[in-house]
Amino acid sequence: MTYQERVDAFRARIDAGEKIEAGDWMPDEYRQAALKFIEMHANSEVMGALPEREWIPRAPTLRRKLSLTAKVQDEVGHGQILYRVAEDLGKSREQMFDDLVNGRTKFHNVFHYPTESWGDVAVIGWLIDGAALVTQKALLDASYAPYVRAMRRICAEESLHLRHGEDITLELVSGSDAQREMFQDAVNRWWEPIMHFFGPPSKARDVLLEWGIKTRTNEDLRQEFFSTYVPKLWDLGISVPDPELRYDEAAGEWIWSEPNWDGFWQVVRGNGPMTATRLGLRKGMWDTHAWIREAFAGIPPKAA
Amino acid sequence: MDVWDVLGKRTVTDEWTLVGGVKAPDVEMALLLARETHFRHKEGVAYAVRRRGEAADALVPGTWPAETLGGVTDRSYRRQEAYAGVGAKLKRVAAQLAERGLRIDRPRPPGSGS
Amino acid sequence: MTTDADAARLELLLALADDELILGHRHSEWTGWVPHLEEDLAFSSIAQDEMAHARLLYGLVLPMLGEGWTEDRVALGREPHEYRNAVLCERLNRDWGYSLARQFLYDTADDVRTESLTGSSWRELADVMTLVRMEEAYHLEHAREWFGRLAGGPVAAREHLAAGLELALPDAIGLFEPLPSEGAVLEDEVLPKSSEAMLAEWLPRVGEELERVSLDYVLERHTPVGDLVPTSSGAIEGDEVLGVPGIVRRDGRWEHQGGFSGAGGRRGHHSEDFLGLWEDLTGLYRAHPGATW
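Line by line, the protein sequences are chains A, B and C. If you count the first sequence from 1, position 219 lands on 219 in the numbering used here, and the numbers rise without skipping. To convert a position in the second sequence, counted from 1, into the numbering used here, add 1000. To convert a position in the third sequence, counted from 1, into the numbering used here, add 2000.
Source of the hints: derived by calculation from the structure; they are not laboratory data. From a predicted model like this one, the values you see are computed outputs, not experimental measurements. One should not assume that every hint holds.
[To be verified] Computed, partial: chain A to chain C, Cβ under 7 Å:
1. Met-40
2. Ile-56
3. Arg-58
4. Thr-61
5. Leu-62
6. Thr-69
7. Gln-73
8. Val-76
9. Ser-176
10. His-289
11. Ala-297
12. Gly-298
Yeah, the Cβ is synthetic: ideal placement off N, Cα and C, and Gly gets one too.
Next comes chain A alone, as it looks inside the complex:
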C-alpha cells in the first residue's frame, strides 16, 4: 500500500466512528496533531495547579483547606494521566516538561492570570472548571481511544470539582456584602479570559476537527457555556461585564460582545500577566531538582 492509500483507509476508519489505539498505524499528521493537542492539555493541568495552590495556605476553613488541596491534587493527577497518554504517542515526559518550563510549548490562556481573592477560587472552581468541562465532555467522542479513556476519568473528577466550586460560590453569594462583592469582583476580572478560553472564531480548516480529535466548534462550546452558567449567575444576582449578553429566542442563540482578542494573542505567545513568573517557578523547581531525576534514572540498589 502507498502512504496515501494508508491515509485514506485510516480516514475511512475515523469517518466510520472507529477508535484508534496507541499501537495502530497513524498518518504523521494525525500523530502530530494528537500529540500536540494532548500535550497542551497536560501542560494546562499542571500550570492550572499553580494559581489554585496559592490559596491552599490561605483557605478560610479547615475543611476548605482539605478540599482545595484535594482538588489541586486531582489537577496534577490529570496532568499525570495526560502526559502518560502523550508519551505513548512518541515524546518523553521529561522532554515535554523541559519544553514547557522553557516556554517552547503552550498551555491554556486562563492559567496565565493572577488570583487576587477567595472569590477567584470560586470563579476558577465553578466557571472556569465549568468551561473546561464543556470542552472536555466533547472529547469523550474523540477518535483516539487512550485519550477517550483518560477523559472519562478526568470528567468524572471534574464534575466533583464543579460541585465543589459551586458550593464555594453559593457560600459567598449568600454571605455578607463583602463576600458577595468578592465574588462579583472576581467574575468581572475573569470574564474576558473565560471568553478567550473558547478560542476565536474557528479557522477555515481545523485539522483537529477533521481528524475527530476535537468534535465540536468553538462557537458551539461557548454557546453551551452561556446556557449552563449565565442564567444561574443572574439568579444569584451576579452580573456579567458584557452589556450585550442576552439570549435571542428568535435566533436560538446567545448574543454577546466579542472580547478584545489582543490579550488572547499576547497570552498565546507567552506574554500573559503571570506567564513568566509561573514558568519561572516551574523551571526553578525543575532545574534545582535534576538530582532527583538522576537518582531515579540510576541503577537500582542491591537488595539488602
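Once you have looked at the hints, place chains B and C on chain A.
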C-alpha cells in the same frame, strides 16, 4: 525511567484491569506511587504494577489492605456524597436572593437557570 | 477550664493537633509542584492525612473549650503564642531534600508517640490514635522508600538528603520537648510515656535507619560541644539552664544529651518562620468574623 502499568480490581472477584501507568525507578516505588495515583478515590480493593514489556503474569500486587486504600479518616470533603445537595442549595439561595430583589432579569433560554 | 487535669489534657491535645496542622500546612504547600508528578500525588495525600488527623484531635478539644468554640476557631482563630506545635513543623519547606528529611524525622517520632498513646487511659484519645496509625503507616513506608532510593543513589542525591537531615535534626529533637504540665498527664496515664522516654526510643531508631543507608555521619555532627548557645526560638526563663543539645553514640546506641535546640514550641514560643505561616493560615478566617465559607 521505566513506565509501570498499573492494574486494579474493583471487587475481589474481578480480574486484574489496566487502569493507568506510573513512572518509577523500581517496583517498590512504583507500588508506593500507584496507590495514591490510581486508588486514592477508593477505585478498587486491590492494586498491582507490572513493568512495561514484561509478561502478563509478571504483575506485582501491592500489600496495603483494601480498607486503607483511599484513607480511613474522614475523606468526605473529596467525595461526591458530600456535594450531593449543592443543586438544591442553589435553588434555595436563588429563591432567597430573588426575595431580596437581587435576581437579574435579562433574556435567557426558556426554562433555564435554577 | 475547670481542673488542672483538664488543663494538662488540653495542653497535650493541642501539642499533638498543632504539630499535625502546622506540618500538614507545610506539606500542602508542596501540592502542585513536587519535582516528580506521581510523588506530588502521594505527598499531597500525606499532607491531607496530617490535616485530617488534626481535625480529629481538635474534635477532642472542643468539648473542653465550651461555648463559642468551633473547629475552625481552634484551628484558625488563635494568636501565635497559643499554638503549641514544635518548631520543626513550622520551618519553611526549602528544597525536597529538607522536606523529605523532615517528613522522615517527624513520622518516625509520630510512630513512637502514637504507638504509646494507643495505650492512653483516655479511651477516646486511644481510639483516635489507632485510626491515625493506620494512615501513618504509609508515611513511614514513603520515607523509607525515598530514603533508600536517594541515599543509595548518586552523590548529589545523598548530599541533598544529608543536608536536609543536618538542618532538621536539631529541631526534630524539639518534638520531644517536655510539655509544661507533663507531670499531670503522666500521673493519670493519659500520656503513658514521658517525652524524655519517647525521645530515648526515637533516637536509636533514627540512628538505625540512617546507618542502614550510610547517612549516620550526619548524627555525629551534632555532638554537644562547648557552652550554651542561645536559640532563635524562645528566651530561657528565669533560672532555667539548658545544657547544649547534642547526640552521642554510647554502647552501640545513639542518645540525646543536654537541652533542646528547636525548643519553645510547647510553650508557644515560635521561630522566625511562624509569623508568615500564621498570617497565611489564619488571615482570611480572622478578617471575616462569623462568616461561613
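Failing hints, ascending?
Hints 1, 11 contradicted; others consistent.
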